Amino acid sequence: MVRDLQEAGYEAFLVGGSVRDLLLGKVPKDFDVATSATPEEVQEVFPRCRLIGRRFRLAHVRKSGALIEVATFRGDGSSGGDHERSNGRILRDNVFGTVEEDAIRRDFTINALFLDPVSGDIRDYVGGYEDLTRRRLRLIGDPEVRYREDPVRLLRAARFEAKLGVEPDAETEAPIRSMAPLLNDIPPARLFEEICKLFLTGHGVRSMEALQRFGLSSSLFPGLPKGSARGKVQLGSILLKTLENTDERIRNSKPVTPAFLFAALLWQPVVDRAKALVEQGETEYNALMNAAEEVIAAQAQSTAIPRRFSAVTRQIWVMQARLGKTSGKRWKRLLREQKFRAAYDFLLLRSLDDPSLVPLCEFWTEAQKGMDFTEARLSAPEESRDRPRRRYRRRSASR
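Using numbering that gives the first Met the number 0, read the sequence shown as starting at 0 and increasing by one per residue.
Just to be clear, a hint being listed does not mean it is correct.
Said to hold, decoys possible - Okay, derived cross-link-like pairs now, DSBU-like style, lysine-lysine, Cα gap no bigger than 30 Å in a straight line: (1) K253 - K28; (2) K328 - K368; (3) K62 - K28; (4) K25 - K253; (5) K253 - K62; (6) K253 - K162; (7) K328 - K274; (8) K274 - K338; (9) K274 - K331; (10) K25 - K162; (11) K240 - K225; (12) K240 - K274; (13) K324 - K338; (14) K196 - K253; (15) K62 - K25; (16) K338 - K196; (17) K253 - K240; (18) K240 - K162; (19) K338 - K368; (20) K28 - K196; (21) K253 - K331; (22) K240 - K28; (23) K274 - K231; (24) K331 - K240; (25) K196 - K25; (26) K225 - K274; (27) K196 - K62; (28) K328 - K338; (29) K62 - K162; (30) K162 - K225; (31) K225 - K196; (32) K25 - K240; (33) K28 - K162; (34) K240 - K338; (35) K368 - K331; (36) K324 - K274; (37) K324 - K240; (38) K253 - K338; (39) K324 - K368; (40) K196 - K240.
Bear in mind the hints are in silico, worked out from the structure with no lab data behind them.
Keep in mind that this is a model prediction, so the values were computed, not measured.
Assemble the whole structure, with the sequences as input and the hints as a guide.
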């Protein structure tokens, strides 16, 4: 694809994380291309590509089954053009320039390396190659200005430390803690994506350690109990064990879901709120239901959790009350519910904090023996149809 742009007369390079990962001997998860071609000119070379974005106009090109993001070299936006700021934050940036200007506009030096895969040449305008060799994380330009332009860079600093084993230099690290409140200005949907990158890509434990060290945790999770220092939160054994298990599942190529992650992240505020509601006279089940709604709604102010995940998170929490009811015959129905396994796994995690739950865990472990959950889920709709249906008397319409 780079060759296609070059043959059309444009400069084009692989850039960013893909180059960084290749130099570190890692397999890039995707590839980004930077070019002198404008988005419209990219579309002329690849007629089936799709132009997206308002803040940064980009071209999405499919090549050999892969989706490749193509960006035009960014220039200095100080002279005006299609460039907009608000309180130092960049809202729109479609001023195009040269490859040298584009390098300076990038955030960290290790992400500003350009690779020509045709010739094999590497272009480094900001000292990124040396920083990568020394495992040093350094922002390009004035750190306070760069963090204010895009506060997500605060989280990226923590993520790169966790993922790559790099350490920020003194100037890059110094403003992070004091500028953490800027994350409140980031759209909640974007913060959800960043949380998934932090905790669902194989380095969740180290990511949480970095967030705590930089004082960013409480800005991401304002509902969690405050920690011993500014910007920190209290980390329970359920959350830490969940992060460890998630990292292990990713290493073993097993699936992970944000639903279970948020169930562990937000469990303590749910417990605290449910306890208060029980003291006010609510049943345990209703208290958990109401507490789950309140906690998720509060977290959504900073992190927009998509409904397909938040619904599962609520189910995991609410089923904790139902798992405590083992008398009679109704407990058998739980074995056939779609989210039983997730709720059961969460119960096992809770027993790490509360040994009194161990007998309950043993009960549900025994109950599952010989159970084919795939067959159970498939047969559940059949059984529900076999049950007598409640008949309702039709009311005549009033005249």
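For this session: Run the structure past the numbered hints and jot down the numbers of the failing ones, going up.
Result: No numbers; nothing is violated.
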